[in-house]
Structures are given as C-alpha cells and as structure tokens.
Amino acid sequence: MNTQAHAEEAHAGASVGTNVAIWIGLVAITGLEVFLAYEQLQPSVMLTVLVVLSVVKAAMIMSYFMHLKYEKFSLVLLLIPATIFCICMMFIFFFPEAFRLLQLRSH
Amino acid sequence: MHDVKTEAALDSAWSGGKSPFAIGSKKLGMWLFIISDTLTFSVLLITYSYSRLTNPDWPRPFPINPAIIFSTTMTVVLLASSLTMVMAVMAAQRNDRKKTVMWMVATMVGGLLFTGLHLTEWFNMITKEHFTITGNPEGTPLFGAVFFGITGLHMTHVMIGVIYLGIVAVGYGRGKFSAEDVEVNGLYWHFVDLVWMFVFPLIYLMSVKY
Numbered sequence: 027m028n029t030q031a032h033a034e035e036a037h038a039g040a041s042v043g044t045n046v047a048i049w050i051g052l053v054a055i056t057g058l059e060v061f062l063a064y065e066q067l068q069p070s071v072m073l074t075v076l077v078v079l080s081v082v083k084a085a086m087i088m089s090y091f092m093h094l095k096y097e098k099f100s101l102v103l104l105l106i107p108a109t110i111f112c113i114c115m116m117f118i119f120f121f122p123e124a125f126r127l128l129q130l131r132s133h
Numbered sequence: 036m037h038d039v040k041t042e043a044a045l046d047s048a049w050s051g052g053k054s055p056f057a058i059g060s061k062k063l064g065m066w067l068f069i070i071s072d073t074l075t076f077s078v079l080l081i082t083y084s085y086s087r088l089t090n091p092d093w094p095r096p097f098p099i100n101p102a103i104i105f106s107t108t109m110t111v112v113l114l115a116s117s118l119t120m121v122m123a124v125m126a127a128q129r130n131d132r133k134k135t136v137m138w139m140v141a142t143m144v145g146g147l148l149f150t151g152l153h154l155t156e157w158f159n160m161i162t163k164e165h166f167t168i169t170g171n172p173e174g175t176p177l178f179g180a181v182f183f184g185i186t187g188l189h190m191t192h193v194m195i196g197v198i199y200l201g202i203v204a205v206g207y208g209r210g211k212f213s214a215e216d217v218e219v220n221g222l223y224w225h226f227v228d229l230v231w232m233f234v235f236p237l238i239y240l241m242s243v244k245y
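The listed protein sequences correspond, in order, to chains A and B.
If you read the first sequence in the numbering used here, its first letter stands for residue 27, the second for the next number, and so on.
If you read the second sequence in the numbering used here, its first letter stands for residue 36, the second for the next number, and so on.
Keep in mind the hints are simulated off the structure, nothing from the lab.
Treat the hints with care, as some may be off.
Stated by the list, open to error - Keeping only pairs whose Cα atoms sit at most 25 Å apart, straight-line, the calculated SDA-like set for lysine to any residue is:
hint, chain 1, residue 1, chain 2, residue 2
1, A, Lys95, B, Phe68
2, B, Lys244, A, Ala54
3, B, Lys134, A, Gly43
4, B, Lys62, A, Ser41
5, B, Lys61, B, Thr119
6, B, Lys62, A, Ala85
7, B, Lys61, A, Met86
8, B, Lys62, A, Leu104
9, A, Lys98, B, Phe56
10, A, Lys95, B, Val111
11, A, Lys95, B, Ala115
12, B, Lys244, A, Gln66
13, A, Lys98, B, Pro55
14, B, Lys61, A, Leu94
For reference, chain A alone in the conformation it holds in the complex:
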C-alpha cells in the first residue's frame, strides 16, 4: 500500500459497522458492571474490578470513537504515557494508606 492510500485509510478511520460493534461492546460491559454491583464483593475488590472494566471502556472509546487508533503514533506517545504516569503517581500511596486508615478507625 502506498503512503497516500495509507493516509486516506487512516483519515477514514473505522467503518460504521465497527463503530456500532464498539458501541454494543460498551453497552455489554456496562451491563456486566451492573451485574457485578450486586455480587456483594469487598469494596476494595469491587473498586479494582470496576476500574479495570472502565479502563477497557475508556480504551475502546479513545481508540475508535476518538480516532486515536488511526492517528500517527507520535500523537499517542505525546498523550498517553504522561497521563498514565501522572495517574500512577496519584495512586502510589492509595491502597496502603487507605487500609492503614481503615485499621486505625475504632470499630
């Protein structure tokens, strides 16, 4: 495939069928989340499971609906690693501190 044809395909992005399939996938994961909410898991386990499923949904939205899968990779490198790093820094003391505080509470 020549460069121009590749650029045209990249500009076009996903087809209507692919976007509808992504939408159905997003609704299905939402349904799974609602189902899991009634499984009465520990709050920390539930939080982890829901965040993982939400990250999957966010990745689907960014890749297809926001077209990031079809952009130049340099844009992905500009945006995503720094964001993940910043969010990881926010999380760095999250679980140890949360459990410590929970244990300090009088029951």
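Given chain A's structure and the hints, the job is docking chain B onto it.
Relative to the frame of chain A, chain B by itself:
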C-alpha cells in the same frame, strides 16, 4: 518562493514546517485540553475512591429501582449520543452538511435527555431522600460533597458540550466551520462520555442498596 533553508524546514516533521503529529492545531489543542481535564477528573475520582474505602459508614442510597435503572439508562443515552457524534464526524468528512447537522442535533438531544434525567434524579434525592451537599440521613456527610461535586462537574461538561454542539452545528450548516471543527467537537463529546464511564460505576455501582 522559499529559500533552501526554509524549504528544508518545511520538509522536516520536527522543524516547524509541518505538524509532527499530522493533525491540525485545533485538534492538538483539544487533545491537550482533554488530557488536562482527565487529570482533574482523576484527582476527584481518586479522592472519592479513597473516601469510599476508608469510610465503612458510606451511604448506599441507590436501589435497583429507580436509581440504578435510571442511571443505567443515562449511561446508554450518553453512549448512544457518542455513536451519533461518530456518524456526524463521518458525514462531515464526506462533506454531507445536511446529515452532519442532523446527527449533531441527535447528539444534542441525547445530551439534553441525559441532563434532564440527571436533574430529575438530583431533585428526587434532595427533596425526597434529603441528601444535600453537606449531609444525609444514612451515613458520612462526605457522600453529598463527592456525589454532587463530581456528578455536577460532569453535568456542567455535558451542558457546555450541548452549547458547543449547537454553535458548531449552526456554523457548519452555514459553511463557516470545517469538517475539522466537527471532529474537534466530537473529541470533546466523546471525552464527556468517557468520564461518565468512570463516574457511573464508581459513584453509583459502588453504592447500590442490596
């Protein structure tokens, strides 16, 4: 006519002659805004999650009927509005102005429906269940601050998005805006949808009433 050095600069991806990311400045600007807003919502949601885990007396005010059915419907409505926005961007890339405006109006209807459902839910919580930003009858008063704070900030984004869609739809319909403007508008709208994908499970599903 450019001299040799300027020509060389224009040929290089990183010398200022071209966008190294192969996108326009408006789209790059919107992506950078989205990243900064992502961090704002991340801070709020991580703070909320910390409070949620460390407070055993966190209220569980959301029964399946009507709260969870209501909020799930809001989620599906917002997801559907994202799909209509995708259709608007695709129509704009085909230079089909009529269909672009039609899909953008459909997206606005989705946004308005979401806001209407959300405000109805707020109204019921405040008037019938006596949940306010400073207190509630079921547990830690922190709940009201994070619930109304985070969902309120998100709803503000939705309302701004509806106004933004209206302005771009009118401008694009009259030929004043380009397909890139519709695409940039689409990025903002999908971001609003993306944030809700975290707000819904963390705020609502973590506090369902069994």
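Tested hints:
Distance restraint check for Lys95(A) and Phe68(B): the Cα-Cα separation of roughly 19 Å lies within the 25 Å cut-off, and the hinted pair is therefore satisfied. In summary, the hint linking Lys244(B) to Ala54(A) is supported, as the alpha carbons are separated by about 22 Å, within the 25 Å threshold. For the hint linking Lys134(B) to Gly43(A), the alpha-carbon distance of about 18 Å falls within 25 Å, and the restraint holds. As the CA atoms of Lys62(B) and Ser41(A) are separated by approximately 21 Å, the hinted pair is consistent with the 25 Å bound.
Taken as a hint, the Lys61(B) and Thr119(B) pair is honoured in the structure, with Cα atoms around 22 Å apart against an allowance of 25 Å. A threshold of 25 Å between alpha carbons decides the hint, and for Lys62(B) with Ala85(A) the separation of about 19 Å falls inside it, so the pair holds. A threshold of 25 Å between alpha carbons decides the hint, and for Lys61(B) with Met86(A) the separation of about 23 Å falls inside it, so the pair holds. Straight-line distance between C-alpha atoms of Lys62(B) and Leu104(A) comes to about 13 Å, which keeps the hinted pair within the 25 Å bound.
Note on Lys98(A) and Phe56(B): the hinted pairing holds, with a Cα-Cα distance of about 6 Å set against a maximum of 25 Å. As the CA atoms of Lys95(A) and Val111(B) are separated by approximately 23 Å, the hinted pair is consistent with the 25 Å bound. Distance hint between Lys95(A) and Ala115(B) is fulfilled; the C-alpha atoms sit about 21 Å from each other, no more than 25 Å. For the hint linking Lys244(B) to Gln66(A), the alpha-carbon distance of about 10 Å falls within 25 Å, and the restraint holds.
With a C-alpha separation of about 9 Å, the suggested pairing of Lys98(A) with Pro55(B) holds against the 25 Å cut-off. For the hint pairing Lys61(B) with Leu94(A), the CA-to-CA distance comes to about 15 Å; that is within 25 Å, so the pair holds.
Of the numbered hints given earlier, the model fails none.
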